[in-house]
Amino acid sequence: MSSVRVLVGTKKGAFILTSDEQREQWEVSGPHFAGWEMYHLKGSPVDPNRIYASQTSSWFGQVIQRSDDGGKTWATPDGAKVPEALDPPGSGNSNRFLYEGEVGTHQFYDGTQHPWEFKRVWHLEPSLTERDTVFAGVEDAALFKSTDAGATWRELPGLRAAKGALWQPGAGGMCLHTILLHPSNPERITVAISAAGAFRTDDGGTTWKPINRGLKSAYEIPDPTADVGHCVHRIAMHPSRPDVLFMQKHWDVMRSDNAGDMWYDIGDGLPTDFGFPIEVHAHEPETIYVVPIKSDSEHFPPDGKLRVYRSRTGGNEWEALTSGLPQENCFVNVLRDAMAVDSLDSCGIYFGTTGGQVYCSADSGDSWKPIVRDLPAVLSVEVQTLP
Amino acid sequence: MIRVVLPHHLRNLAGVSDEVQVTVASPATISAVLDALETSYPALRGTVRDHGTLKRRAFIRFFACQEDLSHAPPNAPLPDLVVCGAEPLMIIGAMAGG
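Just so you know, the sequences run in chain order G and F. 1 is the number of the first residue of the first sequence in my numbering; add one for each residue after it. 1 is the number of the first residue of the second sequence in my numbering; add one for each residue after it.
Hints may be right or wrong, so weigh each one.
Every beta carbon over 12 Å from chain G, so not counted as near; a handful from chain F, in silico [as the list claims (entries may be wrong)]:
#1 12
#2 51
#3 65
#4 84
Some chain G residues well away from chain F (every beta-carbon gap over 10 Å; in silico) [unchecked claim]:
#5 24
#6 78
#7 129
#8 145
#9 372
Simulated restraints, written as ranges between beta carbons of each label pair [as the list claims (entries may be wrong)]:
#10 26(F) - 185(G): 56 to 64 Å
#11 184(G) - 35(F): 46 to 54 Å
#12 34(G) - 66(F): 26 to 34 Å
#13 75(F) - 225(G): 49 to 57 Å
#14 63(F) - 82(G): 22 to 30 Å
In short, the hints are calculated from the structure, not lab data. Where is the CB? At the ideal position from N, CA and C, for every residue including glycine.
When you get a sec, could you build the whole thing from the sequences and use the hints?
What follows is the structure, encoded as structure tokens:
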């Protein structure tokens, strides 16, 4: 019998929720790393028992954790105690994220130039094919790669060469939060950065280009159609159609049918086109989900009603999904990495809120139930479908 | 042998339940103690001071003998009572937040 494992990162620790394919009864494990901000956890598609976690703190900085037994035990990939206080080369480097070459500057909130400073890892994306390869999207925005299961990291500096001096932080920081690996072409990677935009490499990460044509940010940057500077909140892709991308931007829900070369608006019919996450149904590549949020200053659902919106037509026709979700006095947010889908026959949709609820729909969004109600604020949700 | 008190989260990260002890050559300094600490417990690298610059992280403080040593030069000698093991060097997470 298949099962699902939901990896939840919160402001004060990580939680692992497991269930069989009915998704009715849940076992809750955690908090793991209690007291730490767990920005993201994600399992390897090659070895599902290998899970990476980004553990971070304003006090103690960044730590990378890895489990090789499905989250039962964890260790820093290169941080084991040295019995004789020897100093093996490279030890203790699994949280060493150093920018390559001259650090350079980017645009700061006030428009001045500001040096790049590493702050934290927002997103970990394990390779689709290589067990020991994993990518990390970090703040200040850059992409790092490890080929030794997280023990050491190297920046792919060509990304910051794509007009990095013009990038600027969004309200949450200048974070690289989306990493999409092409399912059959390992040379193609698409990333998204707040507030810089979307970027694509077609040579394995050596060179990158902005892919922001069609985006409009009228009240956010001086040139609303500039090459870079757009506040992309999230991009989603269905593996069967990797050239079709769906984007939740600061304002606007967008779609591209040519791998990001051109975007067009698909937000007609939504109560507001501001929001953070966007996801694609596991078996229906034209079925997408967003959670409309009132505005960029009012980070809660319109009218106090928590509604997931689903389009079965790839955009522009949306239906509100409300069954089981609070429809009054609800003022939580759903953050950009806090929505995921499983791949069971009846596709499951999951999302977590800043109020500490993790909701599951086992029927493609028609009805919802909370798995847990009272966790710390949820930063990220990932789902593993296990055989 | 110099005694070092770690904050709760760093004790968990290092896998220790109590204060730790490190040996450093004379003259004992905060920099030398951190070198020894990170050598014995590599998981602590980057958590007390920055990987690249070796600067103390902003929300980390160093106390010993009821004095704040956070802003002392990293290569300043530690107090004698710390060097002889009578008092610990305390690595503290700053009081920030409620």
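Hints, verified against the model:
no.: 1; hint: 12; result: violated (8 Å)
no.: 2; hint: 51; result: violated (5 Å)
no.: 3; hint: 65; result: holds (23 Å)
no.: 4; hint: 84; result: holds (21 Å)
no.: 5; hint: 24; result: holds (34 Å)
no.: 6; hint: 78; result: violated (7 Å)
no.: 7; hint: 129; result: holds (29 Å)
no.: 8; hint: 145; result: holds (17 Å)
no.: 9; hint: 372; result: holds (23 Å)
no.: 10; hint: 26(F) - 185(G): 56 to 64 Å; result: holds (59 Å)
no.: 11; hint: 184(G) - 35(F): 46 to 54 Å; result: holds (48 Å)
no.: 12; hint: 34(G) - 66(F): 26 to 34 Å; result: holds (30 Å)
no.: 13; hint: 75(F) - 225(G): 49 to 57 Å; result: holds (54 Å)
no.: 14; hint: 63(F) - 82(G): 22 to 30 Å; result: holds (26 Å)
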